[in-house]
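Since the structure of chain A is already known, use the hints to place chain B with the ligands on it.
Below, each chain spelled out in residue letters.
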Amino acid sequence: MPTAMNTKMATIMGMTIMLELDFMRSAFMAAAAVALIAGPVGYFLVLRGQTFAGHALAHVGFTGATGAVLLGLPPLAGLMALTVVAGLGMGLFGARLANRDIAIGMVLALSLGFGLLFLHYFKSSATQASALLFGNILAITAQTLSVLVVISALCLALLLAISRPLLLASLQPDLAEAKGVSLAGLSTLFMVVVALATAATSQIVGVLLVFALMVGPGATALRLSTSVMAGLFVAAGLALVEAWAGLALAYFTDWPVSFWITALAVAFYATSAVLARRPGHG
Amino acid sequence: MTVVAMDRVSLALAGRTILASVSLSIGTGDFIGLLGANGAGKTTLLRAILGMVPVTGGSLTVFGQPPRRGHAAIGYMPQGRANLPETRLKGWDYVAATVQGQRIGLPLYGAALRKKVDAALGLVEAQALARRPLAELSGGERQRLLLAQALVDEPKLLLLDEPLLNLDPGQQRRVVALVKHLHEELRVPVVFSSHELNPLLGAISRVLYLGHGEAAIGAVDDVITGPVLSRLYNAPIEVHRVGTRIFVMSGNVEVERDAHRHEHEDGHHHGHDHHA
Ligand SMILES: Nc1ncnc2c1ncn2[C@@H]1O[C@H](COP(=O)(O)OP(=O)(O)O)[C@@H](O)[C@H]1O
Ligand SMILES: [Mg+2]
Numbered sequence: 003m004p005t006a007m008n009t010k011m012a013t014i015m016g017m018t019i020m021l022e023l024d025f026m027r028s029a030f031m032a033a034a035a036v037a038l039i040a041g042p043v044g045y046f047l048v049l050r051g052q053t054f055a056g057h058a059l060a061h062v063g064f065t066g067a068t069g070a071v072l073l074g075l076p077p078l079a080g081l082m083a084l085t086v087v088a089g090l091g092m093g094l095f096g097a098r099l100a101n102r103d104i105a106i107g108m109v110l111a112l113s114l115g116f117g118l119l120f121l122h123y124f125k126s127s128a129t130q131a132s133a134l135l136f137g138n139i140l141a142i143t144a145q146t147l148s149v150l151v152v153i154s155a156l157c158l159a160l161l162l163a164i165s166r167p168l169l170l171a172s173l174q175p176d177l178a179e180a181k182g183v184s185l186a187g188l189s190t191l192f193m194v195v196v197a198l199a200t201a202a203t204s205q206i207v208g209v210l211l212v213f214a215l216m217v218g219p220g221a222t223a224l225r226l227s228t229s230v231m232a233g234l235f236v237a238a239g240l241a242l243v244e245a246w247a248g249l250a251l252a253y254f255t256d257w258p259v260s261f262w263i264t265a266l267a268v269a270f271y272a273t274s275a276v277l278a279r280r281p282g283h284g
Numbered sequence: 008m009t010v011v012a013m014d015r016v017s018l019a020l021a022g023r024t025i026l027a028s029v030s031l032s033i034g035t036g037d038f039i040g041l042l043g044a045n046g047a048g049k050t051t052l053l054r055a056i057l058g059m060v061p062v063t064g065g066s067l068t069v070f071g072q073p074p075r076r077g078h079a080a081i082g083y084m085p086q087g088r089a090n091l092p093e094t095r096l097k098g099w100d101y102v103a104a105t106v107q108g109q110r111i112g113l114p115l116y117g118a119a120l121r122k123k124v125d126a127a128l129g130l131v132e133a134q135a136l137a138r139r140p141l142a143e144l145s146g147g148e149r150q151r152l153l154l155a156q157a158l159v160d161e162p163k164l165l166l167l168d169e170p171l172l173n174l175d176p177g178q179q180r181r182v183v184a185l186v187k188h189l190h191e192e193l194r195v196p197v198v199f200s201s202h203e204l205n206p207l208l209g210a211i212s213r214v215l216y217l218g219h220g221e222a223a224i225g226a227v228d229d230v231i232t233g234p235v236l237s238r239l240y241n242a243p244i245e246v247h248r249v250g251t252r253i254f255v256m257s258g259n260v261e262v263e264r265d266a267h268r269h270e271h272e273d274g275h276h277h278g279h280d281h282h283a
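In the order they appear, the protein sequences are chains A and B. Taking our numbering, I'd label the letters of the first sequence as residues 3 to 284. Taking our numbering, I'd label the letters of the second sequence as residues 8 to 283.
Just chain A, same shape as in the assembly (with noise of 0.2 Å):
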């Protein structure tokens, strides 16, 4: 069959080509450091039922980025920062706020309000704004790919560190106050590690998407797997394949990237919960 043949072929040379531009292998390498932390990260998310407030976490990191280019710094950094301290905000008073959801919408509506007033002044273009809320990986700098590498890495390292103790925490939160956890701490730390990897996610899939990226293969994985430490690697997997295939297609179809992560993370969602379904799986 010389067609199909000649299809094989123009595909490959066509990868080829695609790996050998600079830029697209900056993007394949953010895309995996920001993939292994997203996926583990929204395992526990979806298990702790806390998946809107990493999404509100992503809405608060555009006022930090709008906010920071208008005092003339690095957007990366101001998201950070704010990312963080809202993680530390909802992380120690999250157990206290009755209407948890309601106080988190809240400052969720607010934060991307005072985004939209930032962007106001800065007279910015709609290209930043654009880039900021729906991610450009394709224009990804070496400096800012160090920095995701760093980023995911520390979170990563966070994150497995206290995984036993938050698992408990998650599953029996009264058992695990008993044997000594401090699910206060606990829960602190978490959500720090969520801020620092919605961060970095937003950097791939804009601050609008991150939901996706983090909790779609989270949510995927839950399902699937029978054991935690499955989930957290096909978790981590699947949140490596959907970004580096919707690279790839969006290579080949000019098509965003952010709506092809977008597009695979719910089609492997809406399969796995067809899968779940099947009478007698697992």
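These are computed hints drawn from the structure, not numbers from a lab. A quick note: this is a predicted structure, and the numbers were derived from the prediction, not measured. One or more of the hints may lead you astray.
Stretch-level coverage of chain A by chain B, calculated; a stretch enters the list once three of its residues show a Cβ under 8 Å from a Cβ in chain B [what the hints assert, rightly or not]:
1) 72-80
2) 160-167
Calculated Cβ distances over 12 Å to all of chain A for the following chain B residues [what the hints assert, rightly or not]:
3) S17
4) T24
5) S32
6) V62
7) G71
8) Q86
9) G98
10) S145
11) G177
12) Q178
13) R194
14) L204
15) I224
16) G258
Beta carbons are placed, not taken as given, at the ideal position from N, Cα and C, and that holds for glycine.
Okay, now just chain B with the ligands, sitting in the frame of chain A:
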């Protein structure tokens, strides 16, 4: 031997006195039914023994020492408020996650720990259950896994908080029979909280009844009486015996039934309450 000793113990939560001047001693052979209406302080008392609630007056010792969190000799089954997202996580992993789950590091389980988990699951005959996803199990089946969890470290004291909550009468009978069997087989003292007395009759050696900050401890026949319960409920109480069953009535209302309804409403709260 005395396992838990309380001498005029007072407990307070957020500045409010929950129990005042409670004295009792729990021995190795005891199977204590911890009774009282919803909000009487059963959970608070258990948490004090676990070192999670500070003692505001009197003295409380556990195995001869002040209570402290993370005591390996105490098996604890918290009042059912597990967080269960949509997950395929298996019962076995759920039990394993609790074993030394306070330790830093990864949730990886070595051969020794696996053996302990399997042995505990064997004690409650839940090996088959443990192979199934948690989300598919019924309330009674999950209670059994929680009980297995409490047994993993070969406890010298079992504190079980409302294991009968939301179970139908048949399941309640099976849970009580199982705990009685474990109590005798493992020679482990048990404190079993419940707001219903009848399912526990025949299994417990003594009853500890809480109400209005006070406590009464003794044999069922000595504690479950009109005068004692009238004091604890701060209302005129009549005790009626029908066959082997005992009905505690306040006017026309059966007080345990009433408590049960409240507890259901409460259960809804707990589900949302523990995300942080
Ligand atoms: N964290 C808390 N802070 C203040 N009061 C509490 C707290 N937890 C429980 N209480 C109150 O303490 C009392 C005893 O509660 P609890 O020990 O849970 O009762 P029980 O287990 O018998 O239903 C109740 O009135 C309850 O409202
Ligand atoms: Mg209780």
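Evaluated hints:
| no. | hint | in the structure |
| --- | --- | --- |
| 1 | 72-80 | violated (count 0) |
| 2 | 160-167 | holds (count 6) |
| 3 | S17 | 21 Å, holds |
| 4 | T24 | 22 Å, holds |
| 5 | S32 | 22 Å, holds |
| 6 | V62 | 16 Å, holds |
| 7 | G71 | 20 Å, holds |
| 8 | Q86 | 7 Å, violated |
| 9 | G98 | 10 Å, violated |
| 10 | S145 | 17 Å, holds |
| 11 | G177 | 26 Å, holds |
| 12 | Q178 | 21 Å, holds |
| 13 | R194 | 23 Å, holds |
| 14 | L204 | 24 Å, holds |
| 15 | I224 | 23 Å, holds |
| 16 | G258 | 35 Å, holds |
Comparing the model with each numbered hint stated earlier shows that hints 1, 8, 9 do not hold.
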